[in-house]
Amino acid sequence: MSITPNPTILLVHGAWHGSWIWDHEVSHLHSLGYETALVDLPCTSGKPGTTQFDDAAAVRTAIQDLLSRNKHVVVLAHSYAGPIASAAILGLSTQSRKADTGGVLGLINLAAYIFPGGMDQGQAIRDIGGLPYVDWDTPQPGLFVTKNPASLFYAPDVSPELTAWAVGRLQPQSMAANMGVVPPQAWQNDAEGFEGRLAYVRTTGDVPVPVAQQDAMIEGAGGRAKWIVSTLEDSGHSPMLSRPGEVARTVDEIVKMFEKAG
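Every letter in the sequence shown is one number past the one before it in the UniProt record's numbering, and letter 56, counting from 1, is 56.
Don't read these hints as lab results, they were simulated from the structure. It is possible that some hints are incorrect.
List of simulated lysine-lysine pairs, DSBU-like, C-alpha gap at most 30 Å [as the list claims (entries may be wrong)]:
hint, residue 1, residue 2
1, Lys256, Lys71
2, Lys226, Lys260
3, Lys98, Lys260
4, Lys260, Lys71
5, Lys256, Lys147
Okay, the calculated beta carbon distance ranges per label pair [stated by the list, open to error]:
hint, residue 1, residue 2, range
6, Ser151, Gly49, 25 to 31 Å
7, Asp120, Leu162, 33 to 39 Å
8, Trp20, Asp252, 20 to 26 Å
9, Leu162, Pro139, 33 to 39 Å
10, Trp20, Gln64, 20 to 26 Å
11, Ala191, Gly168, 40 to 46 Å
12, Gly245, Gly91, 43 to 49 Å
13, Arg126, Ser31, 42 to 48 Å
14, Trp165, Ala191, 39 to 45 Å
15, Pro160, Gln64, 35 to 41 Å
16, Gln64, Gln188, 19 to 25 Å
17, Gln123, Ser151, 25 to 31 Å
We treat Cβ as the ideally placed atom computed from N, Cα and C, and that holds for glycine.
Work out the full structure, taking the sequences as your base and the hints as a guide.
In structure tokens, the structure reads:
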């Protein structure tokens, strides 16, 4: 199966960030012939109480807008957005739609979490004694921020200039989004039509999501029999800033594999 033109890449940011985190990535994807689309998640809107379900609904709305224009879509999800994107694509695969009216071709997780649907993420965080790198109920009840985002998100390979640029744009995150229940996940249901069209891009120098944790999540979600796995060696958590060209080339390689699987 070959899709012409290339699918649109929907870029979904992680916690505390916004769609601006992809500013340095989009031109590299465009140079490879991809259109891009962006979405801002409600969890970083400054409103306490927004949940993963709210975020998944926002991503689903963005996808459906693209599908209404007969676009084929690949979702690229970073960090926190992994479970959000996997929830948003339920029932929207090109296989399940069975019509030449657009659909989601596949999901690419970039240094992203993989959690099962129904998981109580808040309980999991309490079980490990909390998150030592955050300040809870800051700057107001129901929101939280990271204590040292420069070293957490951007070490070791984002330049000081880009680190300062990004840190200045971070927003408080809704605590309810990280402490709530994970929505139902497309990756758990083979009937969704994403067989051969799930991918994970590992980042071996990652601080908040160490590569050993990435590998454990991949293995727990079916391993390499279910996920196409690529690796950005020595990359920190934010390769869309430190090595956007390499990210774009990796996405291009994965998309071609998705098309063959379809």
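Status of the hints after comparison with the structure:
Note on lysine 256 and lysine 71: the hinted pairing holds, with a Cα-Cα distance of about 16 Å set against a maximum of 30 Å. A distance of roughly 15 Å separates the Cα atoms of lysine 226 and lysine 260; the hinted pair therefore holds under the 30 Å criterion. Straight-line distance between C-alpha atoms of lysine 98 and lysine 260 comes to about 17 Å, which keeps the hinted pair within the 30 Å bound. The suggested pairing of lysine 260 with lysine 71 holds, with an alpha-carbon distance near 18 Å, which does not exceed 30 Å.
Proposed proximity of lysine 256 and lysine 147 is contradicted: the alpha carbons are some 40 Å apart, above 30 Å. Under the hint 25 to 31 Å, the C-beta atoms of serine 151 and glycine 49, about 29 Å apart, fit the expected range. At roughly 36 Å, the beta carbons of aspartate 120 and leucine 162 sit within the given window of 33 to 39 Å. Tryptophan 20 and aspartate 252 have their C-beta atoms about 23 Å apart, which keeps the hinted 20 to 26 Å range intact.
A beta carbon spacing of about 25 Å between leucine 162 and proline 139 contradicts the range 33 to 39 Å that was offered as a hint. Roughly 23 Å separates the CB atoms of tryptophan 20 and glutamine 64, a value that falls within the hinted 20 to 26 Å. Distance hint for alanine 191 and glycine 168: a CB-CB separation of about 44 Å, consistent with the stated range 40 to 46 Å. As the Cβ distance of glycine 245 to glycine 91 is approximately 34 Å, the hint placing it in 43 to 49 Å is violated.
The hint said 42 to 48 Å for the Cβ distance between arginine 126 and serine 31, and at roughly 45 Å that hint holds. Under the hint 39 to 45 Å, the C-beta atoms of tryptophan 165 and alanine 191, about 43 Å apart, fit the expected range. One distance hint, 35 to 41 Å for the beta-carbon pair proline 160 and glutamine 64, holds here, with the actual separation near 40 Å. A beta carbon spacing of about 22 Å between glutamine 64 and glutamine 188 agrees with the range 19 to 25 Å that was offered as a hint.
Separation of glutamine 123 from serine 151 is about 28 Å and conforms to the stated range, judged on CB atoms against 25 to 31 Å.
Hints 5, 9 and 12 from the list above are not met by this structure, while the remaining hints are.
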